[in-house]
Amino acid sequence: MSLANTAPKTVISLQDVDKYFGEFHALRKINLTVAKGERIVICGPSGSGKSTLIRCINRLEEHNSGKIIVDGHELTDQVKDIDAVRREVGMVFQNFNLFPHLTIVENLMLAPRLVRKTAKAEARKHAMTLLERVRIPEQADKYPSQLSGGQQQRVAIARALCMNPAIMLFDEPTSALDPEMINEVLEVMTDLAKEGMTMICVTHEMGFARSVADTVVFMDAGEIVERNTPEEFFKNPQEERTQKFLKQILSH
Amino acid sequence: MNFDFSLIISSIPQLLEGLGLTFQLWIFSGIFGLLLAIVLMLMRISGKWYLSAPAMVYIYIFRGTPILVQLFIIYHGLPQVEFIRESFLWVVLREPFGCGILALTLNTGAYVSEILRGGVKGVPKGLGEAGAALGLSKMHRFIYITTPLAVRLAIPAYSNDVISLMKSTALVSTITLLDMMGIARVIVSETYAPYEIFISLMIIYLVITWATQKAFALFERRMSRHIIQ
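So the protein lines, in turn, are chains A and B.
Read in order, the letters of the first sequence are residues 1 to 252 in our numbering.
Read in order, the letters of the second sequence are residues 1 to 229 in our numbering.
Hints are supplied without guarantee of correctness; some may be wrong.
Simulated restraints, written as ranges between beta carbons of each label pair [stated by the list, open to error]:
id : chain 1 : residue 1 : chain 2 : residue 2 : range
1  : B       : P54       : A       : Q243      : 52 to 60 Å
2  : B       : K125      : A       : T229      : 43 to 51 Å
3  : B       : R63       : A       : G22       : 54 to 62 Å
4  : A       : H25       : B       : S87       : 54 to 62 Å
Hints are computed from structural coordinates only; laboratory data are not their basis.
Where a beta carbon is used, it is the ideal one built from N, C-alpha and C, also for glycine.
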């Protein structure tokens, strides 16, 4: 087998992406490619544009210039392309954003039922399989408000998986959690990574970055300052801003 | 002064003869008003100025003027206009009943649309984003995520408006209709016993209000079953 054939396929590509919020320049000429199966951790100080960057990938934010191509679909104003991308990309939010009026299993069934027109019994079966994967099948018929934060976030991961996405985006998935609940969520994410899911994860969990990521991206003031393998990134940061950031978050 | 307690009780059956009309006015204008309110609310949140601006003007006018004035303009004023007398609107407007329903509908629609808008705005933005990220269309998100949560948020204010509408139906007695208030005024003019008759009337309105509050409390509890303390 030749090496050329095993070269990983690019699934996400951002080219010179700029994003403004009014006057505020949130993303500056971002260039980033993500290969199939790659696990990227994005870190950086708050307000550096990390969340905005991943929110542009499924068009929860619209970029102002440059190109974003996800799995062959360029993100434009075309609703068809946006829907196609969103079906391929799952997202997990900092505040879980579970639908409070639906039970856990209904949270997982809603999108397959409406978007894919999956039959009810089949949607429920798939949902239960996913709940087992995140280790809370026994909570299926409860409402989100009855679950702990860690459990809710695991449900949110399962819900994002119910559309069988090829790519998962995580927007600070553990930042709103009590410390004792962080690990149960990271474990589920690590399982996903082991299964070969393409993942982009905005997080401050440097232990997770070290053990799971293929690539660590450091952002500051709307720019990608540095990207490297986790070993090099932590051992041998190149840029002054990266060194300063690492000193701040690793000194505790 | 002679206060006749027995008259309070004995006038109730007579007043109840107007109950049917009160209920008709209340229910028809309640339903039409709610439909109007939904349209106005959708116009307000559409994000398109040519839809939201007319809705805002409409709401401003109908919330900003007394309902009695609106009723009089519809009943006394509109029939003066020739093309209205010649149009299909005349079918509604030539009867005081139609005028009453129209005035109550237009007025409650303005109030309820703002109540509904408050409910929609109260649904956390992140839930819509979660729906969008799952690939749900705008329409699906509105129907399956925003609406059930907005309804729950709007119930307390909406129940207020429904009760207020019930009481407003009494105003139609000023345009010759014999609802309970209209009948009360007739009895008063015959018996010269305003206290007794109006106290009877108050009792009937209070009973209706009590039943309405109970019904909404049940509805609210049902819509809140996901909120576990």
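Hint by hint, here is what the structure shows:
1. P54/B - Q243/A: 52 to 60 Å: 59 Å Cβ-Cβ, so the 52 to 60 Å window holds.
2. K125/B - T229/A: 43 to 51 Å: Because 37 Å falls outside the window, the suggested range is violated.
3. R63/B - G22/A: 54 to 62 Å: Because 33 Å falls outside the window, the suggested range is violated.
4. H25/A - S87/B: 54 to 62 Å: holds (58 Å)
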